[in-house]
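Going line by line, the protein sequences match chains A and B.
Reminder that position 58 of the first sequence reads as 58 in my numbering, one-by-one numbering, no gaps.
Reminder that position 356 of the second sequence reads as 1356 in my numbering, one-by-one numbering, no gaps.
Among the hints, erroneous ones may be present.
Said to hold, decoys possible - Have a look at the derived ranges for each label pair, beta carbon to beta carbon:
1) A/Trp14 to B/Trp1071: 53 to 63 Å
2) B/Glu1366 to A/Trp56: 17 to 27 Å
3) A/Leu57 to B/Ala1430: 48 to 58 Å
4) B/Ala1136 to A/Trp56: 44 to 54 Å
5) A/Thr47 to B/Ala1425: 23 to 33 Å
Claimed, not checked - Stretches of chain A that chain B covers, calculated by requiring three or more beta carbons in the stretch to come under 8 Å of a beta carbon on chain B:
6) 25-36
7) 41-47
Hints were generated in silico from the structure; no laboratory data involved.
Only a predicted model underlies this, so the values are computations on that prediction, with no experimental measurement involved.
Don't be surprised by glycine CBs; every beta carbon is placed ideally from N, CA and C.
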Amino acid sequence: MSDTVTIKIKKRPWYEWLLWLIWAFILVFIYQNAASSGTELEPRAATIFWVSFVVWLLAGAVIWLLASGVIWFTRRR
Amino acid sequence: MSDTSKARRTFSRRDFFKMAGLGTGAAVAASALQPAKTAAAAASPYTDPAGRPARPWWVKTVDLPTTEIDWSKMERYNERYLPEDERGSVRGPGFAGYVGKEQADALVAEGNAKLKQRILDNVDGYTLKDNALKDAQSAHSLGYSFLGFQKAKTPEERGVPKWTGTPEEAARMLRTAARHLGAATIGFVELDDNTRKLVYSVDPDGHQIEFTDDPVASETETHRYIPNSCRWVIVYTVQMSEEAMKRSPTMTASQTTTGAYSRGTQINAGLQDFLRALGYQCLGESSLNALAIAPAFGVLAGLGEMSRLNRMITPEFGPMVRVFKLLTDLPVAVDKPIDAGIMEFCKRCKKCAEACPSESLSFDDEPTWETRGGWNNPGHKAYFENSVTCYTYWREQAGTNCGICFAVCPFAKKDKAWVHEWVKAGASTAPFLDSFFRSMDDAFGYGTQASAEEWWDLDLPEHGIDSTQPVMEG
Chain A
1 MSDTVTIKIK
11 KRPWYEWLLW
21 LIWAFILVFI
31 YQNAASSGTE
41 LEPRAATIFW
51 VSFVVWLLAG
61 AVIWLLASGV
71 IWFTRRR
Chain B
1001 MSDTSKARRT
1011 FSRRDFFKMA
1021 GLGTGAAVAA
1031 SALQPAKTAA
1041 AAASPYTDPA
1051 GRPARPWWVK
1061 TVDLPTTEID
1071 WSKMERYNER
1081 YLPEDERGSV
1091 RGPGFAGYVG
1101 KEQADALVAE
1111 GNAKLKQRIL
1121 DNVDGYTLKD
1131 NALKDAQSAH
1141 SLGYSFLGFQ
1151 KAKTPEERGV
1161 PKWTGTPEEA
1171 ARMLRTAARH
1181 LGAATIGFVE
1191 LDDNTRKLVY
1201 SVDPDGHQIE
1211 FTDDPVASET
1221 ETHRYIPNSC
1231 RWVIVYTVQM
1241 SEEAMKRSPT
1251 MTASQTTTGA
1261 YSRGTQINAG
1271 LQDFLRALGY
1281 QCLGESSLNA
1291 LAIAPAFGVL
1301 AGLGEMSRLN
1311 RMITPEFGPM
1321 VRVFKLLTDL
1331 PVAVDKPIDA
1341 GIMEFCKRCK
1351 KCAEACPSES
1361 LSFDDEPTWE
1371 TRGGWNNPGH
1381 KAYFENSVTC
1391 YTYWREQAGT
1401 NCGICFAVCP
1411 FAKKDKAWVH
1421 EWVKAGASTA
1431 PFLDSFFRSM
1441 DDAFGYGTQA
1451 SAEEWWDLDL
1461 PEHGIDSTQP
1471 VMEG
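Just chain A, with the same shape it has in the complex (with noise of 0.2 Å):
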């Protein structure tokens, strides 16, 4: 057994940094809509951001999870 471990960090290119800034930038958006539509008492307004703002938080967990390769079947040898 190898008293050794390898950690290989791979470098993201820049353009990746971005769309993941444009990502979260977009979540505080709907976030920010989401909580100020129900101080605005526009239910209907705060539902669609509410419903948004998950659907575009689990989109980008997903996505991350899947190009990072913590799921097994995405790791690449």
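Using the hints, position chain B against chain A.
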């Protein structure tokens, strides 16, 4: 010996206390200077010498309003209906003039009977408590006066000279005073041969309004005289509650209109006495909607744009405002009209016209020069409304004033969610998106009539309005 140990050795306890003292001294000096700095900053918080608020970037100042005006075709309007020329406002005796006295009386009787029955039936928005609140809103009106109530001491009475300053300083001072008296937005227009046509020829109570070379304003049993020196118009808006208006057409919604008018009278009287105390004249509305055409002056002062409602829509509050005006002889810095894409948006939206139960609003794609009756004032290109069918609905069905067109307007938003600002910016800069914005407005449920009974359980701020909306962002 290393450099570090040398430094450690030379930095004595005495040095430490010296440094600590210096730091404390610096902190004290900084805190002592801070109030002076804050006071200096507070002395002039305005980015503009005339006190104009910094508006969102998509509100553009323009030389001509987005409503086309042909001054040669415009005449001074009689706000009181005159049977001999079948022209004048549909308000007051005008309604009977247009539909006939018999019909008008029958409609009033029908409306009153319905109102009583609705109270007895406890219909939401028409219960006794709703009617009581509506009456209470008018009860706190100060009333109207052309010459002002003249309660404040003049500079002569105080034995001091009258206030003097530049037009910019005067405008800034009046803006501050008006806002503290309760106005939402304030603008100024100078009367010339054209804009003078927007001052009524006949007031709602039948008094003739005439301009005169007399130095002091006066009124008789039949006339009101405006000195030619009183050539600056102060226009201001007073917010209505969007949350209440969403209950249109009920007493719950109507009370916010009445409340805004009542607050308007207080600001009117306040500004009249404020200017009197400074040594200047200030002429106000002698009754509801008197003196001049408020939306027209509001548009010229850049407070908003005309719309399919044939009312003014502001970038800040949409149509949720009432507009008031005064005349003064204090020279003030005047404002320019704005283009925030509102009139352009109205061309494609038509939500108000579709929602109007009496079909009184225009469905035309483009505004027109053709008026729809004697209640409209020719000389400007607008979406003219049918005031007679509108007022008939008020009396026959609503039992109170309506306001559905105000409530459904996509510009009527509380502006807490960022998306509203983005949509307004988009409407101003990318008109091809207007139809999409309108569809989304429907899809998100904006403008849907809310429960009048639930309104009583809402914890709303004073007057049901948000006075922190971004008017004074700058």
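Taking the hints in turn, this is what the structure says about them:
1. A/Trp14 to B/Trp1071: 53 to 63 Å: Distance hint for A/Trp14, B/Trp1071 holds at roughly 59 Å.
2. B/Glu1366 to A/Trp56: 17 to 27 Å: Given range 17 to 27 Å: violated, Cβ gap about 40 Å.
3. A/Leu57 to B/Ala1430: 48 to 58 Å: With a Cβ separation near 29 Å, A/Leu57 and B/Ala1430 fall outside 48 to 58 Å, so the hint is violated.
4. B/Ala1136 to A/Trp56: 44 to 54 Å: 47 Å, holds
5. A/Thr47 to B/Ala1425: 23 to 33 Å: 25 Å, holds
6. 25-36: holds (count 4)
7. 41-47: Our answer is that it holds, as 5 residues pass the Cβ test (under 8 Å) against chain B, meeting three.
Consistency with the previously given hints fails for numbers 2, 3, ordered from lowest to highest.
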